[in-house]
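Asker: Top line first, the protein sequences correspond to chains A, B and C. Under the numbering used here, think of the first position of the first sequence as 1, with each following residue one higher. Under the numbering used here, think of the first position of the second sequence as 287, with each following residue one higher. Under the numbering used here, think of the first position of the third sequence as 619, with each following residue one higher.
The set of hints was computed from the structure by calculation and includes no laboratory data. You may find that some hints are simply not true.
[As the list claims (entries may be wrong)] Listed next, the stretches of chain B that the computed footprint assigns to chain A, with coverage defined by at least 3 CB atoms under 8 Å from CB atoms of chain A:
1) 409-422
2) 517-531
3) 568-578
[What the hints assert, rightly or not] Among chain A residues calculated to face chain B with C-beta under 7 Å, some are:
4) 35
5) 92
6) 106
7) 222
The structure presented is a predicted model; accordingly, all values stated were derived computationally and were not measured. Glycine included, every Cβ here is placed at the ideal spot set by N, Cα and C.
The chain contents come next:
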Amino acid sequence: MAVWSLLAVNSLSLGGLLFLLSAGFSLIFGLMRIPNLMHGSFFMLGAYLGASLLQRGYNFWFAALAASAAMVVIGGLVERLLLRRLAGQELAQVLLTLGLSFVIADLCLMIWTGDPIQPATPAQLGGGVRTLGMFFPIYRLAIIGIAVAIALGLWVLIDWTRLGAMIRAGVDDAPMARVMGIQVSRLFTAVFCIGAALAAFAGVMGSPFLSVYPGLDADMLPLALIVVILGGAGSLLGALVGSFIIGLLYNFGQAMFPDLAYVILFLPMVLVLILRPQGLLGRVQT
Amino acid sequence: MTSNPGRTGFVLLLLAILATLPLWMTSLYYVNIASQILFWAVFALGLNVLVGYGGLVSLGHAGLFGFSGYVAALLMVNGYSHAAALPAAIIGTLLMTAVFAALALRSTGISFLMITLALGQILWGIAYRWADVTRGDNGVNVAGRPSPFGIDLTEPRAFYVAVFITFILCLLSMLALVRSPYGASLRGTRDQPRRMRALGFNVWMIRFIAFLFSGFWTAVAGILFIYYNQFISPQVMALQTSAEALLMVISGGTATLAGPVVGAAIVVIMKNVVSAYVERWNMVLGIIFVLIISFMPEGLVPGTARLWRSMMGRRRAAKMPLGLKVAGEGSR
Amino acid sequence: MSALTVNGLCKSFGGLHVTRNVHLNVEPGERRLIIGPNGAGKTTLFNQITGDLKPNSGAISLLGKDITKVPPRLRAHLGLARTYQIITLFPRDTILRNVTLALLGLSKLRWNPFVPLDRQTALMEKAEEALGRVGLAGLKDRPLAETSYGERRRVEIAMALAQDPKVLLLDEPFAGLSADERHGIAKLLASIPRDVTMVMIEHDMDVALDFADRITLLHFGEVIVEGSRAEVVADPRTREVYLGA
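Just chain A, with the same shape it has in the complex (with noise of 0.2 Å):
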């Protein structure tokens, strides 16, 4: 009993952590059109940075906030420098952000040598709650709230906001919502930043489980990929609906198969392509 219930939370936490990651790439994927295969570059960049900061003694806090900030600018210049110039072709876009992951899992390899690093969990979240005779660790349930926190922040900005009304028209119909005077690319700048700070904010506050190491951006990828196919593109609600069975499948999956775990994660993908190819959530397009 008090196994299952520890691997609830652990699921539901990194399923809170795949949203972090998958929001952005799902967004990106819903207006943009391409799949950012530097996702998890992202991801692993920013766990990077952050584990430097708190080497070097800064707040677990400060660390996450400046990585994403960090990633923000790369993802920008990125977006401005690189994809810009090939707008409308998306195959090369794809491409591009191939690789470039490549060129940022070598520079990290470069920096941070091949030693995986595995940062302290935060002072102030470490240690547990015993509740109903059971043992919760601290750190795993801030982060499940982080993310719902940072879920509805999304929801109200996509939902609420004049921003969030852009990238929904753009998601709808970019044509369209060019057509309209909204301008589209300024708006992909900014959907390429927030992913990719989303991404990097998440890859440090999953730094003290799973540790940062070469090739956690290859681990991450597929991860965010898997949800978005299962979600269904552009779906923020997808993305979350997606994280979590993900996050309770790797978990159990984990506990019950662990040589099979991994492969486990893309049986619900595969489903979905049978059954439903736009995805959970996703619209059929017409």
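Starting from the structure of chain A, add chains B and C where the hints point.
Answerer: This is chains B and C only, laid out in the frame that chain A set:
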């Protein structure tokens, strides 16, 4: 196909040089490099069927390539003969390709790329995590190469000849495909899938067959790969390998026969040169990707020709978009 | 037995009804003109007949066979061919190759990966014959990218004719052509024998009037008037739709 006698002569001369390479090349190091180029070229030609002629960009081919290698390697390690392991690897990979195709061909364009990427990762995950069967990160050692007709392929020159013959067969099959009615149908589904449907073509089936054809040569290349390296590990199935193969296809120029071969030569040579000096192959791979896509999107062969023309001031040839044409949805 | 029957066809996108309970009955050998202003749902109707779009309800039959659920490629095999308003050809190939592809669509050869396409003399001759019928025999080796707009329209028609269709759907074959070119296309269409049933969409009534045995007027997805040429022209509702009176 334009039959230009000059070009045909040039190609034949090149093939003659390649065929006689073991006779005049004294350094075994270069014989081995040539072997590498040719089996990577088989892989790239196989991928090009889908990418270049079908307009379906796969990022999951490393999974199929490695799958074939693993099936062959694991069977041999478990005591099966070469004669049993090779057909099993090819048939097994074809079945796996059929599964890939059935799932990935639910869509086209960028979604196709995403799905193949995810499918490739599943195979990588199996190789990496299912250590009881695959030996995980330790990889599988393959002892020995076969000796067809009593010729021992452990000798690098003999192995090169075997690879060369396979390469020629692959090239001939591509030549036949490109010129055949089926090849014309495949290119039609790339350019105008909806129109092709209205003309009576079964677009899905045409693509499915192209995927199988591509998977067949990918499987063959995977087998040559494990015989060459005598080793396979999950790294072979990683996204980098798919990206390398794709780089070979687009750097040389897609939807041509020479393109993937030139691309394979460029990538293999570069990889060997770079690795000899620094450890930074992945960075170089990434940078080449970015440079080619940004500045020579149509591929090196046509791209160099364009730059040459514009330098000679003959006419300012416009930069072409990425030499890849992605098959569209076409269902509406 | 009718060549083409459409029965109670309905189609909507979201809340927009683009086809409303359309009935159509085209006799073998008939020349039917479907007119209507832009946005009347003419091309949407064609797309449902060819199977590119699935109707929400209603039935379509071709030569007495219900084809409502038959996939587009098989409708071609049953004798249905169409031309497109927006030209969708294969720009990198020659005119001849374009027509050859149309022939391949109905030939078993299309699965053959072994023989060179260029040596399929029977197929090539048939393609050249189709090009001869549209007056393009002399241009067969010209890459499509180097042809004029009017020539491409002819290639479209040649591709459709090459398939020996029983029912031919023509989507605004005169659109964007000069008066001369239009005249040429009209002559070409008139030369097609009566064993081919033809249905043509046109939004400009005057251009295609001579073509028609019967005319159907479509407006906002609905059949407003149907009858002989004279009846439709004389009908006040036609004037209403076209003049907004």
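Asker: Going back to the hint list, which numbers does this structure go against?
Answerer: Checked against the structure, no hint fails, so every one of them is satisfied.
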